[in-house]
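Residue numbers (our numbering), protein chains in the order written: chain A, 1 to 336; chain B, 1001 to 1535.
Take these hints with a grain of salt, some might be off.
Examples of chain A residues lying across from chain B (beta carbon under 8 Å, computed) [stated by the list, open to error]: (1) I34; (2) V84; (3) T85; (4) I151; (5) V172; (6) D176; (7) A301.
Straight line, CA to CA, 20 Å or less: simulated EDC-like cross-link-like pairs of lysine to aspartate or glutamate [as the list claims (entries may be wrong)]: (8) B:K1360 with B:D1319; (9) A:K73 with A:E56; (10) B:K1454 with A:D35; (11) B:K1454 with B:D1302; (12) B:K1415 with A:E51; (13) B:K1109 with B:D1231; (14) B:K1454 with A:E51; (15) B:K1454 with A:D48; (16) B:K1309 with B:D1355; (17) B:K1415 with A:D35; (18) B:K1307 with B:E1357; (19) B:K1454 with A:D43; (20) B:K1167 with B:D1478; (21) B:K1415 with A:D43.
Some chain B residues flagged as far from chain A (calculated, every beta-carbon gap over 12 Å) [said to hold, decoys possible]: (22) R1098; (23) R1350; (24) V1361; (25) D1462; (26) A1481.
Note that these hints are calculated values from the structure, not bench results. No residue lacks a Cβ here, since even glycine has one placed at the ideal position from N, Cα and C.
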Amino acid sequence: MSILRQSSGFLLQVALTFLGLLAVTFFIGRVVPIDPVLAVVGDQAPRDVYEQARRELGLDQPLWTQFAIYVQKVLVGDFGQSLVTNRPVVDDIARVFPATLELATFATIIGVALGVPMGIAGAVWQDRWPDQIVRVIGLVGYSVPIFWLGIVSLLVFYGMLGWVQGPGRLGVFFEDIVRPVTGVLLVDAALAGEWEVFRNAFGHVVLPSAVLGYFSVAYIARMTRSFMLEQLNQEYIVAARAKGMSEARVIWVHALRNVAVPLVTVIGLSYARLLEGAVLTETVFAWPGIGRYLTTALLAADMNAVLGATIVIGAVFIGVNLLSDLLYRLLDPRAT
Amino acid sequence: MSIRVSKRHLIVGGSAAAAFAALPGAGELRAQTPRSTLVIAAQIDDLLALDPHHSFEVTGSDLLKNVYDQLFVIDETKATAELMPGIAESFSVSSDGRTFTFTIRRNVKFHSGNPLTAADVAYSIRRPLIINRTPAFMYRSVGLNRENVEQNVRQTGEFEVQVTFDKAYAPSLIQNLFTATIGSVLDSKLVEQNAGTDHGNTWLNRNSAGSGAFRLVRHQPNESYTIERNDNWWRGRAIMQRVIVRHVPEAATQRLLLERGDVDIARNLTPTDISGLRGRPGITIAEFPRGTIQYFSANKGDPILSKPKVIEALKHLIDYDAIATNLLPGQVFPHQSFIPRGTLGELDSRPWRFDPERAKVLLAEAGHAGGIRLTMDTANTFPSLDVAQALQASFARGGVTLEVLPATGAQVLAKYRARNHQLFIGIWGLGYPDPHYNADSFSHNPPGRENPGKLTWRNNWDIPELSARTETAMQERDANARAALYRQIQEGFIGTSPFVVFAQQQVQVGVRNNVTGYLASSPGLSAIYWRAGKS
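Here chain A stands alone, though its shape is the one from the complex:
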């Protein structure tokens, strides 16, 4: 019973957050001094043509009516038509979001796989050389503009060394070989057994995800280090050591278990942030992800696409938060 009440309260909370998100994006979209009618009929249109298009777009209705219609449509998954691509916004997002998902997932895997051990090393050997290295990496990751790092890494690894494939998601001659199922190219290629396509796609994703992953590594390592340092000063660690437990066991089993709880939140947030789409990285690497889609739409005053993409990103944020909340409950027995 209490679980039911708890989860229904939870759902209500999510629904309210979502409605708030819809309202804010919708009204901001209507307040900005951008004329969606001009985008349709062009700036040379005479008054009568202009007025007709305005009525057809429903812009002569009161704002509240427009909002009600919008919410109704969004609920059935209709974000309208994009002005830039002339396709339904939903179709566009279904195409660009998997590209970002692919990049963000790789980057997060890199971030966790390298960042957590580095953070632990930094904490364990505090103020000694491993810690210094971790700190420098963290600092550089914090201060180097990603745009610059992207261009330079592209220049070195693609331009000079030729170790990786160039910009874009796939070589132009590999396109259309694999039928999109999930939209995530690597998965689709593997499902179809097209290993040449898989190799090419992997060659393309390596560099941008490594660049993004580097920033993830820097962030996760810094956070892990500080969480770990806090735990290592606790009394239970002294007690565990006093019992003659091996240092490895103390760190990896006792301390890490307690670090895991806040760390999940940190990783979740960093993943969610990457899922928003990394506009600069996507631009440098000609990666057709959601960040670039949103930016292009913004610059073209394509409000349907802007609202659609913002809502999807908002939903992803809510989703990831939810997920890390659930994980939190699993990891911390007190939090039920």
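Chain A is fixed; fit chain B onto it per the hints.
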């Protein structure tokens, strides 16, 4: 294939990078693009519509002019726009000059295999007005509209179409108009089969129904498009089997792709990239003039700007040469009249020079010896924003304090149309290669009519006399006499208009040396792919 990695490279790369060498996909040596395919890196995120009766961007023309045929063609081998017969083999004009009879070329086939007939031509001239998207204004400006198009566009034979306009327009104007993307002839049977509820607009934004040199085989918005050769094209067969244009937003990335040989052409390079590529073995820089001019304008509805001497002063406060040589080197050349070079009636008169002392004198004569403050609206994009910032400095030397107001293109446009600006800076592209297209906006403002589409109206420029002369030029039948009229109109325009045209754009592209015959821009206002080859 394996690749040898020197120690020095490893140090450059850093040890973390060494790990990637072992990954799949790595270790492939630089691939040349196949001989039968032309691969172009370009910014194509402004490619909004693929329906030729809806498209209104240069990137759209670049694609659509290569996929569709128009009634007339601009000879792409000439530097100045010269008309040639297209789908219309010949034409005659009625004695009152209002009715044009076009004889349609026989034995032309659409990509679908359907034969092209006069029915397709009549359908294609009516359709832009029926779907009524942005470019429809071009047809409205010659008196066609939704209501009269059924009656005024008639099929009078299997290969004959008659069109009646509201006035006796110059034949060269009508011919030039029908070279535009909006003049594309559609496969009416195919479009009708896929008409849906919007006369095939949605369908045509994803598919093609043309008879041109190439057919569209693939398009992903903001990613790429692919066109494939039409082996039965009436003008001949393209050399390349396939052209792929890939959207690469970042210029530096385009340059890298070109240097690596992964693309044959990089379409949007910055002056920095161009100078970096000059002298590189295997790469040539090619330049093509483009029918787009850059200008700023003064709203004469503003009390300060209504004074002719203030506007004259502003014309002395822009460093025309420095903009072409220092600010936008290679991207523009100086130009001061409204008809771009390469078009009928072009005029290379450039009387204005940067002269801040003269400007001060003029301002003092206008009663502003202490200087003035002005605002300038600009889109927050290259090149207008960059020029606006340069103008701040040059205006200051004449005692004009300029505040630049950047915003998104759509916002600035709304303000401009509402005439709420003082100064506006922007670019203006030809919609079809005829002087009237620009004259209609720069030297025509019939009194008593509200028309936010015209730049003259937006800047409150009241010109009954010049408007009448523009209308005369529009109807002059002799092309040479017509060109002379436009030159006279421009002389007047340069002297007294509230417009300061300061440059014309050119396209600079990086091309790999083995590519021949590629035109990034032409007097017909589009890229030409069918003559491109590889040696």
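Consistency of the hints with the structure:
1. Of the supplied interface hints, the one on I34 of chain A holds, with its beta-carbon coming within about 5 Å of a beta-carbon of chain B, less than 8 Å.
2. This hint holds: V84 of chain A has a C-beta 6 Å from the nearest C-beta of chain B, less than the 8 Å allowed.
3. Of the supplied interface hints, the one on T85 of chain A holds, with its beta-carbon coming within about 4 Å of a beta-carbon of chain B, less than 8 Å.
4. Restraint check, I151 of chain A versus chain B: the minimum CB separation of about 6 Å is within 8 Å; hint holds.
5. Below 8 Å, beta-carbon pairs count as interface contacts, and V172 of chain A has one with chain B at about 5 Å; its hint therefore holds.
6. Residue-level restraint check for D176 of chain A holds (minimum Cβ-Cβ distance to chain B is 7 Å; threshold 8 Å).
7. For A301 of chain A, the interface hint holds, the least distance from its beta-carbon to any beta-carbon of chain B being 4 Å, beneath 8 Å.
8. The straight-line distance between the Cα atoms of K1360 of chain B and D1319 of chain B is roughly 15 Å, inside the 20 Å bound, and the hint therefore holds.
9. For the hint pairing K73 of chain A with E56 of chain A, the CA-to-CA distance comes to about 16 Å; that is within 20 Å, so the pair holds.
10. Restraint check for K1454 of chain B and D35 of chain A: the C-alpha separation of about 18 Å stays at or below 20 Å, so the hint holds.
11. Of the pairs offered as hints, the one joining K1454 of chain B and D1302 of chain B holds, with about 18 Å between alpha carbons and a cut-off of 20 Å not exceeded.
12. Simply put, K1415 of chain B and E51 of chain A have alpha-carbon atoms about 18 Å apart, close enough for the 20 Å limit, and the pair holds.
13. About 11 Å separates the Cα atoms of K1109 of chain B and D1231 of chain B, which keeps this hinted pair within 20 Å; it holds.
14. Distance check on the hinted pair: K1454 of chain B and E51 of chain A sit about 18 Å apart at the alpha-carbon level, within 20 Å; holds.
15. Annotation: proposed proximity of K1454 of chain B to D48 of chain A holds, straight-line Cα distance about 15 Å (limit 20 Å).
16. Our distance criterion of 20 Å between C-alpha atoms is met by K1309 of chain B and D1355 of chain B, whose separation comes to about 14 Å.
17. Between K1415 of chain B and D35 of chain A, the direct Cα distance comes to roughly 10 Å. Compliance with the 20 Å bound is thereby established for this hinted pair.
18. At most 20 Å may separate the alpha-carbon atoms for a hinted pair to count; K1307 of chain B and E1357 of chain B meet this at roughly 18 Å.
19. Restraint check for K1454 of chain B and D43 of chain A: the C-alpha separation of about 9 Å stays at or below 20 Å, so the hint holds.
20. Between K1167 of chain B and D1478 of chain B the alpha-carbon distance is near 16 Å, which keeps this suggested pair within the 20 Å criterion.
21. Our distance criterion of 20 Å between C-alpha atoms is met by K1415 of chain B and D43 of chain A, whose separation comes to about 12 Å.
22. With a least CB separation of 22 Å from chain A, R1098 of chain B remains clear of the 12 Å interface cut-off, as annotated.
23. The claim that R1350 of chain B lies off the interface holds: its Cβ sits roughly 28 Å from the closest Cβ of chain A, which is beyond the 12 Å cut-off.
24. The Cβ of V1361 of chain B sits about 37 Å from the closest Cβ of chain A, beyond the 12 Å cut-off, so the non-interface label holds.
25. The beta carbon of D1462 of chain B sits about 20 Å from the closest Cβ of chain A, which is more than 12 Å, so the claim that it is off the interface holds.
26. The claim that A1481 of chain B lies off the interface holds: its Cβ sits roughly 28 Å from the closest Cβ of chain A, which is beyond the 12 Å cut-off.
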